[in-house]
Amino acid sequence: MPLTATRRVTLGLVLLAAVCLLFGDFEISTHDPWHALGRLFMGLIQPDFSRVDFLGEALLRTVAFAFVGVGLGAAAGMLLALLFRYFWVRTFCAFIRAIHELFWALIFLQSFGLHPITGVLAIAIPYAGTFAKVYAEILDECDPQPERTLPQRAGRLSALVYTRISQAWPHLVSYTAYRLECGLRSSAVIGFVGMPTLGFHLAGAFAQGHYGTVGALLLLFYALIASLRLWARPRLLPVYLLASPFLLGTGLPIMWSNVSRFFTHDIVPAPLRRGEGLEGLWPWFSDLLLGQALPGIWNTLLLTQIALVLTGVLAMTLFPLISHHFTGRHFTGRVRGAIGHGILVVMRSTPEYLLAFILLQLWGPSMLPAVVALALHNGGIIGHLVGRRSNEIPLRQDAPGGMNRYAYEVAPRVYGPFLALLFYRWEIIMRETAILGILGIATLGFYVDSAIQELRFDRAMVLILITALLNIGVDILARHLRARLHLSHTARSEP
Amino acid sequence: MTVLALHDAVATYGEVRVLGPLSLTLAPGERVALVGRSGVGKSTLLSVMYDRWRDQGAALMPQDLGLVATLSVFHNVYMGRLDRHPWWRNLLTLVRPRPRDVTEVGALLTRLGLEDKLWTPCGELSGGQRQRVAVARVIHQDGGILLADEPVSALDGPLSEVTLTALTDAYPTAVLAMHDVDLALRYCSRVIGIQDGAIAIDQPSHRLSATDLLPLY
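These protein sequences, in sequence, are chains A and B.
One point on numbering: in our numbering, the residue at position 135 of the first sequence is 135, and numbering is uninterrupted.
One point on numbering: in our numbering, the residue at position 153 of the second sequence is 153, and numbering is uninterrupted.
Watch out, some of these pointers could steer you wrong.
In silico contact screen, one side only, chain B against chain A (beta carbon under 7 Å); selected entries [what the hints assert, rightly or not]:
| hint | residue |
| --- | --- |
| 1 | L60 |
| 2 | D64 |
| 3 | V68 |
| 4 | L82 |
No lab work stands behind these hints: they were computed from the structure.
From the three backbone atoms N, C-alpha and C, an ideal C-beta is built for every residue, glycine too.
Construct the complete structure from the given sequences, taking the supplied hints into account.
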């Protein structure tokens, strides 16, 4: 039997992941992992909601940072989307979204310090890059006919608003709402580097061993995301957007001397700063490349590859949970479907970073927590989308049941869209893999974080740039594979 | 208004020439019906005319209407005059239309039998209703010449007469692609028949009868 292109690519990715497994480091090093897991589990069943002020502040700040960051990102993204036909705008957007919000947060922490603007910019900048790309795609898909029928001298802004934006409005709104959900996750995660959001409080509760509080924080976070559709009503959005800037907390004042020193002095490569000129630059750079960048890249690629394949396996295993071809359409089927939905919602609502942080506390440092966290979160997202897709497939009445139905009727039909989604998430998985290094796994983020700890911001910046280039490279590879396998699926197919 | 003219106009689809070369002139006050078998190039000819005469205030009603499904009937009609108002007023109108505009558009819609649909999104209308919204838009636009592609194809009987009367009242100068030969002869002063990408008949309507046009089909 000849191998189709799709099968060859799948096999290649799986084989590569298997080889990577040999080189990876997967061990549970904590003394008693199951005990810790048990305590966390007890914390989730018996959450401690007694510290109301503490929990309330965590949630309020998380929501406020998400609204301000996503709001600014969306506004800037729309402006950039209108200029997206220019090459330099597309490149600029690809670059700013290739840098993870936590890296942005680390950069601004060194300049603006613990001021709210650090958190706001950390979310707004990468989100602006993503919004620009997706908004531009959405606007491009509009019917051009209404614009053609307009009177000749209608102003460009009026024409844009009445024709393209009006037509695209439902899509723009639903995508922005989806990104608001992502923004809540990002906002929670930037707490881990010191912003006053959920991650900050979660890390504190973990450090003190207050598992009841950890449980309460996690449950409140799920409730917040699950109820998003209920409280983020379109009519209330202006109120939230106006109020949020005042709810960010005060943080610490900005030291402007720090800001200027950071951008004009700290991030200039050390040899240039010392006046050694370009001759001094090469040894400095090759030292950085060989000692940190290459090991970081190697580990990042290794982990990404394993996480990618595990994500795929998980997604293809879990999507039947919400597919009515498997749960059935009658009452019990709907109940089973609802439970399946619940599982996938929890999986995709937990940010990878938060999950990796928890697993790392339980299992100790190795690649295992990172791979599991990445696979659970991304597998949940892709499983959800593939399941929804499978529900659109009509099966013939006499279609086989059970495993035969999965293997012959459903899986072959959803495999193309599944691969497209997986390739789309490839870049995201890699960006997250790099960032998980901050937790102590030796990916690029680890070296960035160490350089910052040592106050070598010039090295940190170069490493962040390398990470961004790696992400852009993987995105190009994924796009190339999508085109070669004729998989058409745009970014908008996100949940 | 000056005489409008096309000189040796051609239209190609990829490598294939679908229309022309053809020349014609159009005097102010002349209403031309374009007739011919479907696929003969009437829409293409209208499109060529629009590209040439856009600067001279031509208003276009394309066959697929060019409505924005997510906007209300009022806003779709208002779009005909986006060029008459400053941008900030257009933005404001999206949120809060001015009573004067509403009255004006409302009167136009009443004439076309759509008075109860003023705030309905165009996506929720039937084919015939949508066609009348597009008619209302070009009338509201009040351009110098109308280029309309099958403006009443989805309407029947009295409704198509009412609509054509409204259109021709607003536009003494017009080019209408029509498949209904009787309507074409009654509402237009001149008939141009297209065949094989060229003009086969070009006569004042009073000299023609429906049977004269049969060879075109």
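Practice problem: Starting from the hint list further up, note which numbers the structure goes against and sort them upward. | Solution: Per hint list: zero violations.
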